[in-house]
Amino acid sequence: MLYIAGKPVRVKKSLLHGCHKKEHGSEMAQSQQLNDDDIYSVTIKVAEAGYVPAGVKLRGHISDNLLTATVTPEEMNNLETDSRVVSISAPRKLHSAKNNSVA
Amino acid sequence: MRFEWTDIFADIDPRLQRLMQRRRRGLSTPPTASTEVGEVAVIAKVNDVEAWYSMTEVREGAEVGTTADGNIIVTARVPVSRLQSVRSSPCVISLQASQSLQLTTEDLTPQPPSLIGNRDNLNLEKSLSNTQKASALEQQGNNVVVGIIDVGCDFAHQNFRHPDGSTRILALWDQDGSSEPDSPFGYGKVYSSAEINQALQAEDPYKALGYNPKKYAHGTHVMDIAAGNGNGTGNPGISPEADIVFVHFSNGAVEAVLADGGNAVDKSLGDTTELVEAVDFIFEIAENCPCAINISLALHGGPHDGTALVEQSIDALVSNKPNRAVVIAAGNSYYKGIHASGKVPKNGFTDLHWDIPRGHWHYKALELWYDKQDKFQLELIPPDGQSLVSLQLGENGEIVDEDDNTVIYLSHRFCDPNNGDNMIGVFMESRLPGGIWTVRLHGVEVSNGNFHAWIEREDGSQTSFVAPHDNTHTVNSIGCGHNIIMVGSYDPTKPNQPISYFSSSGPTRDGRKKPDFIAPGQNIWAAASLTGNKSYRKSGTSMSAPVVTGIIALMLSEADARNIQLDINQIREILIQSAENNLPEDPLQKARYGYGSIDINTAISVIRAM
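Top to bottom, those sequences are chains A and B. According to this note's numbering, the first sequence is numbered sequentially starting from 1. According to this note's numbering, the second sequence is numbered sequentially starting from 104.
There may be inaccurate statements among the hints.
To be verified - Straight-line alpha carbon distances no greater than 20 Å define the calculated EDC-like cross-link-like pairs of lysine to aspartate or glutamate that follow: (1) A:Lys-12 to B:Glu-532; (2) B:Lys-424 to A:Asp-64; (3) B:Lys-449 to B:Glu-532; (4) A:Lys-7 to B:Asp-507; (5) A:Lys-12 to B:Glu-482; (6) A:Lys-12 to B:Asp-613; (7) A:Lys-13 to B:Asp-504; (8) A:Lys-7 to B:Asp-506; (9) B:Lys-475 to B:Asp-458; (10) A:Lys-13 to B:Glu-283; (11) A:Lys-13 to B:Glu-163; (12) A:Lys-7 to B:Asp-504; (13) B:Lys-318 to B:Glu-306; (14) A:Lys-12 to B:Glu-283; (15) A:Lys-21 to B:Glu-498; (16) A:Lys-13 to B:Asp-474; (17) A:Lys-13 to B:Asp-279; (18) B:Lys-318 to B:Glu-283; (19) B:Lys-424 to B:Glu-482; (20) B:Lys-597 to B:Glu-163; (21) A:Lys-7 to B:Glu-505; (22) A:Lys-93 to B:Asp-279; (23) A:Lys-57 to B:Asp-506; (24) A:Lys-7 to B:Glu-532; (25) A:Lys-13 to B:Glu-298; (26) A:Lys-12 to B:Asp-474; (27) A:Lys-57 to B:Glu-283; (28) A:Lys-12 to B:Asp-506; (29) A:Lys-21 to B:Asp-474; (30) A:Lys-21 to A:Glu-74; (31) B:Lys-446 to B:Asp-474; (32) A:Lys-13 to B:Asp-613.
What the hints assert, rightly or not - Ranges of calculated distance between the beta carbons of each label pair, as one might list FRET restraints: (33) B:Ser-286 to A:Asp-38: 14 to 24 Å; (34) A:Ile-39 to B:Arg-461: 19 to 29 Å; (35) B:Arg-461 to A:Pro-8: 14 to 24 Å; (36) B:Asn-354 to A:Lys-57: 48 to 58 Å; (37) A:Thr-81 to B:Ser-533: 34 to 44 Å; (38) B:Asp-506 to A:Asn-77: 44 to 54 Å; (39) B:Ser-286 to A:Pro-8: 41 to 51 Å; (40) B:His-572 to A:Ala-49: 37 to 47 Å.
Just so you know, the hints here were simulated from the structure itself, not pulled from any lab data. For glycine and all other residues, C-beta sits at the position ideal for the given N, C-alpha and C.
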């Protein structure tokens, strides 16, 4: 039995699969327990200029190969298998760059 | 009840110790009439006033007098985060918390000289060297759009209004505003200049418009530095005639009230997708006008090689048309111990030690990148030394408690889709035991072995790697794109204008020079929201970035007047030619300066010679 600070914990491992196109360290990648109702704003890079993957709700074109869209977890899985999708950026929270002396 | 020893620096006034202990727990020190959030007013006895003032952490107060033993009593404002460093300076004999200050967030009236020193030396106009002032130039930003992506736009402040009282703001997109069918990208509310002008006629323009920037708004201060005209404060920003487009960035702030009544505020804002859309929106509004956009927002984690989609997107938008630039703050993390690097030996291991203070209740994340040709094994060891888990490349996993709640999530990812490198993520939920956590990297297959790791920013308190720290590579990860101008900070109020103690360091993970330039970013006075015509002081690379944004606006204005178009490569090249190149010898320090500070007159001369 494993413990952290005297409290029992256990390890659940899995092989990373189905998320090869999601970008590094995204909040979405942290949790494997996404709710079907959740929606995410994402940036998608596509291999073919102007291509919009099926199912996503297009928000805007950034360039020929980059677009922003709203997706559900199910649609995210579809993007993973879409050969014309290169990578997907799930949103990462930003912070102001004032010198917050606290931090 | 139980007693616990602490490791708070003990050789200092206990009242300051308490502030340091509170800071470690994520409790901020509130602002007073003369201090910013996280600062404390101190009285010190020093043996060398010059050495005292030369510390960039020290915001100068009064020189009170000489003691009988020949030392000098001084007052100052010091970040709580730097108290130990300041107290440890050989010039400091004693350091005490001031007891005379009153808590107030209302009074923005400049304090007596005895409290804040000579204010005339601290305003933006005088913070800039002669070569950085626009006043002597023909063009003052005319026919150029300055875009600001930030939080809190005080459209009613006099610095953002024409002499006739009308607004200089072409459009204000509140990403948190109520969505309408024609909202950009389907969300938020856009206020046109006509709507703003109508609201300005009302007794309460904020209520009339339905938008309130809130007090001490970061975005108003930043906007004033880049483009304020000084009509209210008397101190103009860099490009006072520019038009303005402001995107009020989506605000995801979550405030958690701690048990003792203090606030641990997660000050994270909107996300990277909303940022990309904000950049696109501003360029769309600017249409064919030259446009320089300022982003004083930051992130620690990321590949730091320009390949993240947020960086690729900004690169693409900037290069899509000439006369476009995006300027991003370098970040304020130089001294925080948030970066580590090293080499993992084949069949051996390297440890990273992550110092998590007891009682640190915030969510924490660590991100580590290594070469695609290598294969590491990740092992996580908590403070009690019992190994929790090992992860091979390509595995992920989580540590769950008895109720199946995730307490730690780990990912060891093969081949990032944007750069092909491998990446480790460790995401720790709150309420984990404090102490030294070990991230052990085993070399399974090693041809390169190098790695870089970053601890993500945690507002309110910041965990760190155990010292000694590698403070290189601490620049803002969203600013590492190839077409982005990144700006660090120096203190214009000190002799020799030293680099600010907080200003983050390059290079990028792929070895490029970042930040690109430095600019005044410490003790900068600029517009205070909800005051109509007053200013207040802020520090950070948030303040230095808009200086360069304003400079680029002046350049674009000059070029526009001569029918010259400048693409981003030309803009960067002119800035490099105009840099004062007064760089330190020490390569570690040199990595914080980029090409140095910019001489605006040289930049304008280059354009005039084109």
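Hints, verified against the model:
Between the alpha carbons of Lys-12 (chain A) and Glu-532 (chain B) the distance comes to roughly 16 Å, so the proposed pair stays at or under 20 Å and holds. Simply put, Lys-424 (chain B) and Asp-64 (chain A) have alpha-carbon atoms about 14 Å apart, close enough for the 20 Å limit, and the pair holds. This hinted pair does not check out: Lys-449 (chain B) and Glu-532 (chain B) have alpha carbons roughly 32 Å apart, beyond 20 Å. About 13 Å separates the Cα atoms of Lys-7 (chain A) and Asp-507 (chain B), which keeps this hinted pair within 20 Å; it holds.
A threshold of 20 Å between alpha carbons decides the hint, and for Lys-12 (chain A) with Glu-482 (chain B) the separation of about 14 Å falls inside it, so the pair holds. Our distance criterion of 20 Å between C-alpha atoms is broken by Lys-12 (chain A) and Asp-613 (chain B), whose separation comes to about 34 Å. Between Lys-13 (chain A) and Asp-504 (chain B) the CA atoms are separated by roughly 14 Å; this keeps the pair inside 20 Å, and the hint holds. For the given pair, Lys-7 (chain A) sits about 11 Å from Asp-506 (chain B) by alpha-carbon distance, which is consistent with the 20 Å threshold.
This hinted pair does not check out: Lys-475 (chain B) and Asp-458 (chain B) have alpha carbons roughly 28 Å apart, beyond 20 Å. Restraint check for Lys-13 (chain A) and Glu-283 (chain B): not satisfied, since their Cα atoms lie roughly 44 Å apart, outside the 20 Å limit. The hinted pair formed by Lys-13 (chain A) and Glu-163 (chain B) fails the criterion: a straight-line CA distance of about 54 Å is larger than 20 Å. Among the hinted pairs, Lys-7 (chain A) with Asp-504 (chain B) is consistent with the structure: their alpha-carbon atoms are about 8 Å apart, no more than 20 Å.
Of the supplied pair hints, the one linking Lys-318 (chain B) and Glu-306 (chain B) holds, its CA atoms being roughly 18 Å apart against a limit of 20 Å. With a C-alpha separation of about 44 Å, the suggested pairing of Lys-12 (chain A) with Glu-283 (chain B) is violated against the 20 Å cut-off. Restraint check for Lys-21 (chain A) and Glu-498 (chain B): satisfied, since their Cα atoms lie roughly 15 Å apart, inside the 20 Å limit. Under the criterion of a C-alpha separation no larger than 20 Å, the hint pairing Lys-13 (chain A) with Asp-474 (chain B) is inconsistent with the structure, at around 24 Å.
For the proposed pair Lys-13 (chain A) and Asp-279 (chain B), the alpha carbon gap of about 38 Å is over 20 Å, so the pair is violated. Taking the CA atoms of Lys-318 (chain B) and Glu-283 (chain B), the gap is near 27 Å; set against the 20 Å cutoff, the hint is violated. A threshold of 20 Å between alpha carbons decides the hint, and for Lys-424 (chain B) with Glu-482 (chain B) the separation of about 48 Å lies outside it, so the pair is violated. Of the supplied pair hints, the one linking Lys-597 (chain B) and Glu-163 (chain B) holds, its CA atoms being roughly 9 Å apart against a limit of 20 Å.
Annotation: proposed proximity of Lys-7 (chain A) to Glu-505 (chain B) holds, straight-line Cα distance about 8 Å (limit 20 Å). About 15 Å separates the Cα atoms of Lys-93 (chain A) and Asp-279 (chain B), which keeps this hinted pair within 20 Å; it holds. Using a Cα cut-off of 20 Å, the hinted pair Lys-57 (chain A) and Asp-506 (chain B) is violated, with the two alpha carbons roughly 36 Å apart. Of the pairs offered as hints, the one joining Lys-7 (chain A) and Glu-532 (chain B) holds, with about 15 Å between alpha carbons and a cut-off of 20 Å not exceeded.
Taking the CA atoms of Lys-13 (chain A) and Glu-298 (chain B), the gap is about 55 Å. The hint is violated against a cut of 20 Å. A hinted pair counts as satisfied when its Cα atoms are at most 20 Å apart, and Lys-12 (chain A) with Asp-474 (chain B) does not qualify at roughly 27 Å. Distance hint between Lys-57 (chain A) and Glu-283 (chain B) is fulfilled; the C-alpha atoms sit about 16 Å from each other, no more than 20 Å. The hinted pair formed by Lys-12 (chain A) and Asp-506 (chain B) meets the criterion: a straight-line CA distance of about 13 Å does not exceed 20 Å.
Using a Cα cut-off of 20 Å, the hinted pair Lys-21 (chain A) and Asp-474 (chain B) holds, with the two alpha carbons roughly 18 Å apart. For a cut-off of 20 Å, the pair hint linking Lys-21 (chain A) to Glu-74 (chain A) stands: about 14 Å separates their Cα positions. Between Lys-446 (chain B) and Asp-474 (chain B) the CA atoms are separated by roughly 11 Å; this keeps the pair inside 20 Å, and the hint holds. Proposed proximity of Lys-13 (chain A) and Asp-613 (chain B) is contradicted: the alpha carbons are some 32 Å apart, above 20 Å.
Checked against the given bound of 14 to 24 Å, the beta carbons of Ser-286 (chain B) and Asp-38 (chain A), roughly 21 Å apart, stay inside it. In this structure, Ile-39 (chain A) and Arg-461 (chain B) break the distance hint of 19 to 29 Å, their C-beta atoms being roughly 38 Å apart. The supplied range of 14 to 24 Å is met by Arg-461 (chain B) and Pro-8 (chain A), whose beta-carbon atoms lie about 21 Å from each other. At roughly 23 Å, the beta-carbon separation of Asn-354 (chain B) and Lys-57 (chain A) lies outside the given 48 to 58 Å, and the hint is violated.
Our hint of 34 to 44 Å for Thr-81 (chain A) and Ser-533 (chain B) holds, since their Cβ atoms are close to 35 Å apart. Checked against the hint of 44 to 54 Å, the C-beta distance between Asp-506 (chain B) and Asn-77 (chain A) comes to roughly 28 Å, which is inconsistent with it. In this structure the supplied range 41 to 51 Å holds for Ser-286 (chain B) paired with Pro-8 (chain A), their Cβ-Cβ distance being about 49 Å. Range check, His-572 (chain B) to Ala-49 (chain A): about 44 Å between beta-carbon atoms, so the 37 to 47 Å window is met.
Consistency note: the structure conflicts with the earlier hints numbered 3, 6, 9, 10, 11, 14, 16, 17, 18, 19, 23, 25, 26, 32, 34, 36, 38.
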